[in-house]
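Q: What follows is each chain in one-letter form.
2 protein chains.
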Amino acid sequence: MNAELIAVGSELLLGQIANTNAQFISEQLAQLGINVFYHTVVGDNQERLSSAIKIAESRSDMIIFTGGLGPTKDDLTKETISRELGRKLVVDQEALNSILSYFKKTGRVMTENNRKQALIIEGSDSLPNRHGMAPGMLIEIKNKTYILLPGPPNEMKPMFVNSAVPLLAKMQTNPLHSRVLRFFGIGESALETELMDLIDTQSNPTIAPLAKESEVTIRLTAKHEKKDVAIQLLDDIEEKISLRVGDYLYGYGEQSLPETVFCLLKKHQKTIAFAESLTGGLASQLLTDIPGASEVFKGSIVSYTNEVKSEVLGVPTQTLETYGAVSAECAKDMAKNIQSKCKTTIGLSFTGVAGPDKSENKEVGTVFIGLADAQNVYSFPYQFSGTRSRIRLQSAKTGYDLVRRYLRQLSPFGK
Amino acid sequence: MNAELIAVGSELLLGQIANTNAQFISEQLAQLGINVFYHTVVGDNQERLSSAIKIAESRSDMIIFTGGLGPTKDDLTKETISRELGRKLVVDQEALNSILSYFKKTGRVMTENNRKQALIIEGSDSLPNRHGMAPGMLIEIKNKTYILLPGPPNEMKPMFVNSAVPLLAKMQTNPLHSRVLRFFGIGESALETELMDLIDTQSNPTIAPLAKESEVTIRLTAKHEKKDVAIQLLDDIEEKISLRVGDYLYGYGEQSLPETVFCLLKKHQKTIAFAESLTGGLASQLLTDIPGASEVFKGSIVSYTNEVKSEVLGVPTQTLETYGAVSAECAKDMAKNIQSKCKTTIGLSFTGVAGPDKSENKEVGTVFIGLADAQNVYSFPYQFSGTRSRIRLQSAKTGYDLVRRYLRQLSPFGK
Numbered sequence: 001m002n003a004e005l006i007a008v009g010s011e012l013l014l015g016q017i018a019n020t021n022a023q024f025i026s027e028q029l030a031q032l033g034i035n036v037f038y039h040t041v042v043g044d045n046q047e048r049l050s051s052a053i054k055i056a057e058s059r060s061d062m063i064i065f066t067g068g069l070g071p072t073k074d075d076l077t078k079e080t081i082s083r084e085l086g087r088k089l090v091v092d093q094e095a096l097n098s099i100l101s102y103f104k105k106t107g108r109v110m111t112e113n114n115r116k117q118a119l120i121i122e123g124s125d126s127l128p129n130r131h132g133m134a135p136g137m138l139i140e141i142k143n144k145t146y147i148l149l150p151g152p153p154n155e156m157k158p159m160f161v162n163s164a165v166p167l168l169a170k171m172q173t174n175p176l177h178s179r180v181l182r183f184f185g186i187g188e189s190a191l192e193t194e195l196m197d198l199i200d201t202q203s204n205p206t207i208a209p210l211a212k213e214s215e216v217t218i219r220l221t222a223k224h225e226k227k228d229v230a231i232q233l234l235d236d237i238e239e240k241i242s243l244r245v246g247d248y249l250y251g252y253g254e255q256s257l258p259e260t261v262f263c264l265l266k267k268h269q270k271t272i273a274f275a276e277s278l279t280g281g282l283a284s285q286l287l288t289d290i291p292g293a294s295e296v297f298k299g300s301i302v303s304y305t306n307e308v309k310s311e312v313l314g315v316p317t318q319t320l321e322t323y324g325a326v327s328a329e330c331a332k333d334m335a336k337n338i339q340s341k342c343k344t345t346i347g348l349s350f351t352g353v354a355g356p357d358k359s360e361n362k363e364v365g366t367v368f369i370g371l372a373d374a375q376n377v378y379s380f381p382y383q384f385s386g387t388r389s390r391i392r393l394q395s396a397k398t399g400y401d402l403v404r405r406y407l408r409q410l411s412p413f414g415k
Numbered sequence: 001m002n003a004e005l006i007a008v009g010s011e012l013l014l015g016q017i018a019n020t021n022a023q024f025i026s027e028q029l030a031q032l033g034i035n036v037f038y039h040t041v042v043g044d045n046q047e048r049l050s051s052a053i054k055i056a057e058s059r060s061d062m063i064i065f066t067g068g069l070g071p072t073k074d075d076l077t078k079e080t081i082s083r084e085l086g087r088k089l090v091v092d093q094e095a096l097n098s099i100l101s102y103f104k105k106t107g108r109v110m111t112e113n114n115r116k117q118a119l120i121i122e123g124s125d126s127l128p129n130r131h132g133m134a135p136g137m138l139i140e141i142k143n144k145t146y147i148l149l150p151g152p153p154n155e156m157k158p159m160f161v162n163s164a165v166p167l168l169a170k171m172q173t174n175p176l177h178s179r180v181l182r183f184f185g186i187g188e189s190a191l192e193t194e195l196m197d198l199i200d201t202q203s204n205p206t207i208a209p210l211a212k213e214s215e216v217t218i219r220l221t222a223k224h225e226k227k228d229v230a231i232q233l234l235d236d237i238e239e240k241i242s243l244r245v246g247d248y249l250y251g252y253g254e255q256s257l258p259e260t261v262f263c264l265l266k267k268h269q270k271t272i273a274f275a276e277s278l279t280g281g282l283a284s285q286l287l288t289d290i291p292g293a294s295e296v297f298k299g300s301i302v303s304y305t306n307e308v309k310s311e312v313l314g315v316p317t318q319t320l321e322t323y324g325a326v327s328a329e330c331a332k333d334m335a336k337n338i339q340s341k342c343k344t345t346i347g348l349s350f351t352g353v354a355g356p357d358k359s360e361n362k363e364v365g366t367v368f369i370g371l372a373d374a375q376n377v378y379s380f381p382y383q384f385s386g387t388r389s390r391i392r393l394q395s396a397k398t399g400y401d402l403v404r405r406y407l408r409q410l411s412p413f414g415k
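Keeping their order, the protein sequence lines are chains A and B. Numbering-wise, this note's numbering puts 267 at position 267 of the first sequence, and it's gapless, one number per residue. Numbering-wise, this note's numbering puts 371 at position 371 of the second sequence, and it's gapless, one number per residue.
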């Protein structure tokens, strides 16, 4: 089965946004073993969209559309496809009800064009939209499959994963089984060097490393008609990899490093609090983005000035005057104080220079991370590089990795 | 002149990377007034690339290729185009010299396939590559323009800006001038309804609304050979729009709401601190991501539990017991206390239910935002919807918008 993606939206052709939807869907289809041979982007123009549909129909079995399901005049994807297929648009009562209830609940005024969002192509399966108003659609006509998805990624992604993927998985015969291993604290080249012989002799499963946002992932993909055999193949190769670089392996699939730490804290019934200077709330934000964060997270102090460091967080002015705010000593005081103020098992602190300018005459990228429990307090120095955003993210992730290592008794803690 | 982009690379079709090159080039072309009607992505496959070229030739005056100029076997963009055009590949001596000198300088061994990178299509202008080995090309044949660019963005972007843009600017007679207006607190449909007559009669400038992450932007685009006339056209339409929905207009171009607030705080010499419950550090993180944030931001307390709310932030236990943490009263105490603890002009607080579960028997999406200065304290209730992430982001942005309105004396403050 060959698929092709058509994104509809003049904002893409004007370069206002990148077609990240195509990346997401392609990745999902690759995991299902469905070949994608083309992506097309076309503007909010009925004639050009019609022509793109005709070209796609001539070369692909499945066409997946994103965008153009909204309420405004230039949203015309389903109108155009319904015309091409010779099918009417009909009201999807469930979608209409959910639109009506949204406006009732929020008290906002419903304009007539919102009603248009509840229309679907006659004969199609409606894909419910839990994060927006326009439902998606899946329709099969003359051995071709058409899938229509909304453009906003926060609506499209869950709809695709929850509603489209299960339907597509059923259509596949010799499926691929994938597993993604996630590593932190080791570079792509170093990881590849460690696994060189395994990578050179790979066939089934395949081993594909990929560097992304200061992390490295390895995608293992096994092909077998029997799922349990495929899973055994994946287990075997993962074991070999773990023996060599297991300390850096923090999770699987889409799991983030903060999610791993969240699960570990929960499992060990530990709690955490942060004292943040250069990360400025980022470490707290990453944890509280996880549902149920309150089970392990109590609170933080973002101490962006020395005044707040001493008066609110209680760092002794002597520490600040003698060593400066960007110092191992200050990191220790911050970690210790937040741990005792919030009465948590662990206190984690971040202080450093995010840039673009030096601070206290210390180089951009100089960072100290402190970790305190009821008995001990540690501090670790780092020198990061790159933009302000990158230094902040790298700092936060490194802090999370320290907590992971602390809880799992890995180096520099325990073993 | 109508352009079309073709990106060549199986990694795009596998979803390993997004086609950010298309976004970059499209934005550049929009600024030059060159229409882009299609983006296509095709894999490293000669037959499918040939077919994509034929389709593009049938509908566009200019085709811009990215990717497939590298040394490996699956890099076959220029080979395929040279065959389509019936032109030989010839050595670009300057490119070859620079490749030879790179290998000499680094001491790395030059393999035979590196020599392939110095080949260009006969009759084309070579576009030098300052950040990699493969030169780009521009060739005009039978009134069509073909531009070939490397795939890695760090090579492609400077090449396009430095070598291609000047050549393209010369070809253009009637350039476009764009301005993006950014709105918060009004939905896309409501905004369109307010501006319906302007949108219906638009011609020059054009008016294009776009919804994005709980915000709406409007792109105004004027076409005129004289820049000052184009700018006057943009000023005139912006004035008309501002008269109707100016209170919601917070910025221009790529400016974010936190950036707007940062600039306003700086301009009015005010400082701010946050007390965050459901936003869990997000409001602080958004501000500290801006270089120079310390000029206006002093610190925050993330009070995720009632214990931290009372013991660290100093919210009276009576407030928590009588009204609960998710209440107007608690939002007021939080804002007041963080303002006085951090000694700032403004204290801003967030409390509410981010979900997925109810809290204190209050619905997911129930949010209170408090704002305190030295004299007054306000609190505002909201009912948001969507995912946890969306509710948190919507809360943080709404808080920033309140600060903007407070500093600009707009409703619900002042006028």
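Quick caveat, the hints were computed from the structure, so don't treat them as lab data. Errors might be hidden in some of the hints.
Which copy is meant is left open, so a pair is good if it fits within one copy or across any two.
[As the list claims (entries may be wrong)] Derived DSSO-like pairs (lysine-lysine); straight-line CA-CA distance at most 30 Å:
id, residue 1, residue 2
1, K88, K104
2, K54, K142
3, K88, K358
4, K270, K343
5, K362, K343
6, K54, K104
7, K343, K144
8, K270, K73
Q: Are the hints correct? Go through all of them and say.
A: Hint by hint, here is what the structure shows:
| no. | hint | result |
| --- | --- | --- |
| 1 | K88 with K104 | within (29 Å within a copy, 67 Å between copies) |
| 2 | K54 with K142 | both (14 Å within a copy, 27 Å between copies) |
| 3 | K88 with K358 | neither (64 Å within a copy, 41 Å between copies) |
| 4 | K270 with K343 | within (11 Å within a copy, 33 Å between copies) |
| 5 | K362 with K343 | between (32 Å within a copy, 27 Å between copies) |
| 6 | K54 with K104 | neither (41 Å within a copy, 52 Å between copies) |
| 7 | K343 with K144 | neither (61 Å within a copy, 65 Å between copies) |
| 8 | K270 with K73 | neither (53 Å within a copy, 43 Å between copies) |
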